[in-house]
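S.K.: The task is simple: from the sequences and hints, build the whole structure.
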Amino acid sequence: MISCDKAAVICNKAQYNEASLIEKIKLNFHLFVCKACSKHSKKNAELTSLCNKANLHILSDNDKLVMKNKLEGKK
Amino acid sequence: MASHQLNPNIWVDQYADYLFNYAVTRVSDAEIAKDLVQETFFAGLKSAKNYKGDAAERTWLIAILKRKVIDHYRKINSKKGKAEVRMNYNSNSESEGDWLEEQVADPYSSMNDNILENEELGQAIQQCITKLPKKQSQVFVMKTIQGIDTEDICNELGINPSNLWVMIHRARTALMDCLNKNWF
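Just so you know, the protein sequences line up as chains H and Y, in that order.
Each residue of the first sequence is one higher than the one before, starting from 25 at the first, in my numbering.
Each residue of the second sequence is one higher than the one before, starting from -12 at the first, in my numbering.
Hints may contain errors.
In silico PhoX-like cross-links for lysine-lysine, where the CA-CA straight-line distance does not exceed 20 Å [claimed, not checked]: (1) Y:Lys121 to H:Lys88; (2) H:Lys37 to H:Lys63; (3) Y:Lys21 to H:Lys92; (4) Y:Lys122 to H:Lys88; (5) H:Lys88 to Y:Lys118; (6) H:Lys66 to Y:Lys168; (7) Y:Lys33 to Y:Lys53; (8) H:Lys37 to Y:Lys122; (9) H:Lys30 to H:Lys67; (10) H:Lys48 to H:Lys67; (11) H:Lys30 to H:Lys48; (12) Y:Lys168 to H:Lys63; (13) H:Lys50 to H:Lys63; (14) H:Lys67 to H:Lys37; (15) Y:Lys53 to Y:Lys21; (16) Y:Lys121 to H:Lys92; (17) Y:Lys21 to H:Lys94; (18) Y:Lys33 to H:Lys92; (19) Y:Lys55 to H:Lys94; (20) H:Lys30 to H:Lys59; (21) Y:Lys53 to Y:Lys39; (22) H:Lys94 to Y:Lys33; (23) Y:Lys168 to H:Lys67; (24) Y:Lys21 to H:Lys88; (25) Y:Lys55 to H:Lys88; (26) H:Lys77 to Y:Lys168; (27) Y:Lys118 to Y:Lys168; (28) H:Lys67 to H:Lys77.
Hint data in this document are derived by calculation from the structure and do not stem from the laboratory.
M.R.: See below:
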């Protein structure tokens, strides 16, 4: 039986498809017995699906640097 | 009410992603969106003395960006013919006489993406990310949005994987809380 902390780590890994098969089995067993973790896991999965749905975009650090310099030049 | 102040030095770090996200969903071209954000910062700097301080800095910048997006569409539609809407029932002579019903969009194709809602969702998430501590948001963005491998992030930031997962965990928990308050 794994601890809740360990379960949380595996749960996060699973959100990024980085949990191994054994980890997933351990996690699922834990979720089966632990109500709090299964609730957390559900919300965690929901966050992942929200992030995917939102289709987020960000600027690269390089772009930001260029922007900063240009802004600096205007002052 | 003049409780807000402008601080252009932190604009790029604080708001660039948020503004960029807003712009890119509206013009759907990353390069144009980048230029619009840049122009927004310039315009903000230029009219900083007109800032009354009754709106938060970010709200003020978004208002400028909104005008920039509108200006952009005006510019590309400035030729009169482009602005005209042409309705044509059936240009293809082969399908002449076919029923209009055959041309309606497949209702199931739009099930997945309720575009408007997703745009707002993106804003909400972005807003919550900016509230995270710097390190956490950095790791979360690299992992979730840019999709960089765990190993590469660890190398770049000089942390070990268990560190990374702890940060991810904290960021995700904070985000869940934040979205619970602001989204649901």
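S.K.: Indicate, hint by hint, whether the structure satisfies it.
M.R.: Status of each hint after checking the structure:
no., hint, verdict
1, Y:Lys121 to H:Lys88, "16 Å, holds"
2, H:Lys37 to H:Lys63, "17 Å, holds"
3, Y:Lys21 to H:Lys92, "13 Å, holds"
4, Y:Lys122 to H:Lys88, "17 Å, holds"
5, H:Lys88 to Y:Lys118, "19 Å, holds"
6, H:Lys66 to Y:Lys168, "17 Å, holds"
7, Y:Lys33 to Y:Lys53, "17 Å, holds"
8, H:Lys37 to Y:Lys122, "19 Å, holds"
9, H:Lys30 to H:Lys67, "17 Å, holds"
10, H:Lys48 to H:Lys67, "17 Å, holds"
11, H:Lys30 to H:Lys48, "12 Å, holds"
12, Y:Lys168 to H:Lys63, "17 Å, holds"
13, H:Lys50 to H:Lys63, "16 Å, holds"
14, H:Lys67 to H:Lys37, "14 Å, holds"
15, Y:Lys53 to Y:Lys21, "14 Å, holds"
16, Y:Lys121 to H:Lys92, "18 Å, holds"
17, Y:Lys21 to H:Lys94, "13 Å, holds"
18, Y:Lys33 to H:Lys92, "15 Å, holds"
19, Y:Lys55 to H:Lys94, "18 Å, holds"
20, H:Lys30 to H:Lys59, "15 Å, holds"
21, Y:Lys53 to Y:Lys39, "19 Å, holds"
22, H:Lys94 to Y:Lys33, "13 Å, holds"
23, Y:Lys168 to H:Lys67, "14 Å, holds"
24, Y:Lys21 to H:Lys88, "10 Å, holds"
25, Y:Lys55 to H:Lys88, "19 Å, holds"
26, H:Lys77 to Y:Lys168, "19 Å, holds"
27, Y:Lys118 to Y:Lys168, "13 Å, holds"
28, H:Lys67 to H:Lys77, "15 Å, holds"
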